[in-house]
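Student: Sequence:
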Amino acid sequence: MIDDRPAWLVKSEPSVFSFDDLWAAPDRRTVWDGVRNYQARNYLRDDMRVGDVVVFYHSNAAPAGVAGLAEVASAPYPDPSQFDPASPYHDPASDAAAPRWWSVEVRATRHLSRLVPLAELRADPRLAALDLPLLRRGNRLSVMPVPPGAVARIVELAAG
DNA sequence: GCCAACGTTGGC
DNA sequence: GCCAACGTTGGC
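Under our numbering, think of the first position of the first sequence as 591, with each following residue one higher.
Keep in mind that the hints were calculated from the coordinates and are not lab data.
Certain hints may be false.
Said to hold, decoys possible - Ranges of calculated distance between the beta carbons of each label pair, as one might list FRET restraints: (1) F607 to D636: 19 to 29 Å; (2) A687 to R726: 20 to 30 Å; (3) S703 to A683: 36 to 46 Å; (4) Y679 to R595: 27 to 37 Å; (5) R704 to R595: 22 to 32 Å.
Remember, predicted model here, so these are calculated numbers, not experimental data.
Backbone N, C-alpha and C define an ideal beta-carbon position, used for all residues, glycine too.
Start from the sequences and build out the full structure, keeping to the hints where you can.
Tutor: As structure tokens, this is what we get:
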């Protein structure tokens, strides 16, 4: 039952890494690295658990919206890219003994029958009643919680 | 490309 | 600790 599990939304720019890219990855799986915001880091490090639902959102896209579903596929671990000088996410100030940035692995589980555009999410009264952080004004978090019931509703909209 | 909203940095 | 400047995000 999808609704019994905690759910999270992650953003990705599809021109960089799309849901289809995740679907095409080995084991449909990848490390979710490069998150460089403390609030999002706290969700990754402290709250995400194996089996949690992940809503894969395309940002900076036309249209932006929910592209598919995934799940948390590993326990949190220090984001390897912070220690990699060749990575654009390299953080020379991060100490290996007390890593600043964390990752989990995610695995794609379900293609939606179509992308659900942000405008449709905003227009849906049932989602509005759930107060999705994604839909709050000025939201810029790249990892955020999804309230109970919202995933099922998004799937309904996709089937819509 | 524009621009509003936001997070971070750094001078004081 | 304040807050202005700056850089980034992300919808349009």
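Student: Give a verdict on every hint.
Tutor: To see whether the hints hold, each was checked on the structure:
1. Between F607 and D636 the Cβ separation comes to about 24 Å, which falls inside the hinted range of 19 to 29 Å.
2. The supplied range of 20 to 30 Å is broken by A687 and R726, whose beta-carbon atoms lie about 36 Å from each other.
3. Range check, S703 to A683: Cβ separation about 44 Å, and the 36 to 46 Å hint holds.
4. One distance hint, 27 to 37 Å for the beta-carbon pair Y679 and R595, holds here, with the actual separation near 28 Å.
5. For the pair R704 and R595, the beta carbons lie near 23 Å from each other, so the given range of 22 to 32 Å is met.
Violation of the numbered hints given earlier is confined to hint 2; every other hint is satisfied by the structure.
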